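> Line by line, the protein sequences are chains A and B.
This note's numbering applies: residue 40 is where the first sequence begins, and numbers increase by one.
This note's numbering applies: residue 40 is where the second sequence begins, and numbers increase by one.
It should be emphasised that the hints constitute simulated quantities derived from the structure, not laboratory data.
Check each hint, because a few of them may be wrong.
Since the list gives no way to pick out one identical chain from another, each pair is judged satisfied if it fits inside one copy or across any two copies.
Computed list of lysine to aspartate or glutamate pairs in EDC-like fashion (alpha-carbon distance at most 20 Å, straight line) [as the list claims (entries may be wrong)]: (1) 292 to 106; (2) 373 to 403; (3) 297 to 47; (4) 292 to 47; (5) 297 to 50; (6) 199 to 189.
Here the structure is a predicted model, which means the values were calculated and not measured.
Protein chains: 2
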Amino acid sequence: MQFATRLDAIETSAIRELFKLLGKPGIISFAGGFPDPALFDVEGIRESTAAVLASQPGPVLQYGATEGYQPLREGISRFMAAKGSTVASEGLIVTTGSQQALDLIGKTMISPGDKVLVEAPTFLATIQCFRLYGADLIGAPIDAEGVQVDALEQLIEQHKPKLVYLIPTFGNPSGATLSLERRRRILEIAARTQTLVVEDDPYGELYFGAKPPPSLLSLSDQVSGSRDWLAHCGSFSKILSPGLRVGWLVAPKELLAKATMCKQFSDAHTSNLTQATAAHYLTLGRLAPTLDKVRAVYAERAGVMAQALRRELGDAIEFTAPQGGMFFWARLSKGRQAAEFAQRAIDKLVAFVPGAPFYAHDPDPSTLRLSFATADVGKIEEGIGRLRQALCTTARLCGTGLSSPLYPGVTPAPLSARSSVG
Amino acid sequence: MQFATRLDAIETSAIRELFKLLGKPGIISFAGGFPDPALFDVEGIRESTAAVLASQPGPVLQYGATEGYQPLREGISRFMAAKGSTVASEGLIVTTGSQQALDLIGKTMISPGDKVLVEAPTFLATIQCFRLYGADLIGAPIDAEGVQVDALEQLIEQHKPKLVYLIPTFGNPSGATLSLERRRRILEIAARTQTLVVEDDPYGELYFGAKPPPSLLSLSDQVSGSRDWLAHCGSFSKILSPGLRVGWLVAPKELLAKATMCKQFSDAHTSNLTQATAAHYLTLGRLAPTLDKVRAVYAERAGVMAQALRRELGDAIEFTAPQGGMFFWARLSKGRQAAEFAQRAIDKLVAFVPGAPFYAHDPDPSTLRLSFATADVGKIEEGIGRLRQALCTTARLCGTGLSSPLYPGVTPAPLSARSSVG
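Okay, chain A solo, but in the shape it has when bound (with noise of 0.2 Å):
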């Protein structure tokens, strides 16, 4: 069978291969980007869901509009207000997840060959998702503040790209968040170069102490034209549940109406029973204290990561602690190879991602991401312990206390120091 020639543009199997074996019995995954189930405000879902089912079943059920259930774009819109940005429900449709607002802003925006600027590294699912509408992939550089603007200004210049894709606040992978003063210069080149700038924003609650800056959205009523070129996406997936896929998409109009007719080919609306129970459940008054609850936990965890890696692992690896979100972008010292890191934790039962996949081109072969999200802080010990127990190469060289041949400067602790693997 001859496939279409736009999946010869992607490639996955490295992450697939790892995912795979992440079912082993045992073990313990910073590998993914999943919220714990344990913070989910399960009773005010169930309360929703049935509130929902018992008032108007008929609509719940029914074919609902494309752009989304009418009560749940003006309770987002609600939403976005409270966060000091001003949308209107009509400025927005709700997608079945964010994933499906980069897959519309693809099939919208890209056509074969479009160039598109994103952070090196950026989400994953962006690169593949772009590619399959055949974007060519630049990526600009970034540090802990950020991608760096002066570069990124350059970039434009030189490529004029169809759009530019960021997230701009605890960054997947790279956990960084754009400072105040990058973000007003960013709308300031959108406006000026009629650039479009998609800011996907996921994260931006999960904030450990200090408020992030503002979102480019909330940021763009200051910087006058900018509103024209931005679109945002955001998500329930990460305060609320990624089990319900209720994302949206802010963008400008005439954008936001090809969106929609694009949306109507791709699954014809969102599931109103998710929506609905999303609706419903935003004027329960709930979220906030969910979200308190959810930012002093992860704050806890990527305290405990933290310590742990600079006390396991000490100077083979080097990192920023994470402000918020959910993850610690790191690398690895002296050049070593992340992939077989990786494949040696695996043996160990703690799993990570490796970098590389994360950057669209001439990837860092030694930087890894790890999650601090799904993992209780006593997991989060015992697997950087074992990736300690990884940097050996062999149980005799770490018993006999010699170095890691892959970390020389780092001696293990003898195996019967850490608790058992599972």
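With the hints as your guide, set chain B onto chain A.
What follows is chain B alone, placed relative to chain A:
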């Protein structure tokens, strides 16, 4: 803003403008393909949703497998087996409604410029969906027994299409059902010419009297090699609830793997809450009695619509009464234009869809589609009465008993003999 070139291929304004008018107060609509919400088994769905949120809230609210929620895949496998189709749970993936199954087939299979054969007429959203992937659609002629196989075979030989898309049972918009003999021949042609056939089967369970012939999927066991060239789209939208957005795709192994990869970047996975709800519902034993009721109601409505059309519109309209599904496909006599008639009908507060947009090319402008699923028998009688009024250009002409200028052969009854317009 410059949009993707693929959008140049599609045009939706005609239908969109019509659907906007459906919000007029008092309108009776035969336009949509919506099931009657009064027939939804709300109690069974409510019970299912509550059960899965009580017994397994974690998996239901967490991210899930792109292939689908495993208990649902198994439930669909059993459901298909009861209909005579042997499909392992690994041989299907769950999709966000069967619209997404079509989208994934387009994304996976169709390169720009690829030829695709469809029935003339066929499902409007398939035309647009495939065109967004660059398909060059070619229409194959149909009659009351579905697609004409000799012509189809010739078109396959001539165009070597990437795939053939068919709605063999109670077609949309045609209402036609492909004969058993033609089904066998299509499978033989698929296997011999190594041409992928996509069977879209959302309506097969909605039969009024005798069961329709087995699906192509069921028959493929009897035609050597045909299963390797057959995909099948199923849906709960017409038999349980469209608002859940749960459909499925059965396809040869490699195609299914590629479609799964595409789905990963389209919406990651279908809502686990709606998938688990459907899975639980299938275990309740409520689907069979619900379907019995739905079949009886739709059969009655189809009968009433057929009688009313013959009585009220006489020889102004030709149609073959369907044996199941949701639609009458009709042709105005004397080459009258359905688009003009539709506008007059809207003025009389009754809506239907003109047939032209259902053709990939060379539309027959005298055709139209009437759905009998949504309105009850009283509304059907009243709505068809309004259609007769719409045959008059003005009330004065009707009042004088003069023939309608649009359909000179029909003498409308006096307005006073009809129920008033809402």
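> Each hint: holds or not?
To see whether the hints hold, each was checked on the structure:
1. 292 to 106: Only inside one copy: residue 292 and residue 106 sit 12 Å apart there, 34 Å across copies, limit 20 Å.
2. 373 to 403: within (12 Å within a copy, 71 Å between copies)
3. 297 to 47: For residue 297 and residue 47, the Cα distance is within 20 Å only across copies (11 Å; inside one copy 26 Å).
4. 292 to 47: between (33 Å within a copy, 18 Å between copies)
5. 297 to 50: Classified as between: cross-chain Cα gap 11 Å, same-chain 28 Å, threshold 20 Å.
6. 199 to 189: Result: close within a single copy only, 15 Å intra versus 51 Å inter.
Consistency note: the structure conflicts with none of the earlier hints.
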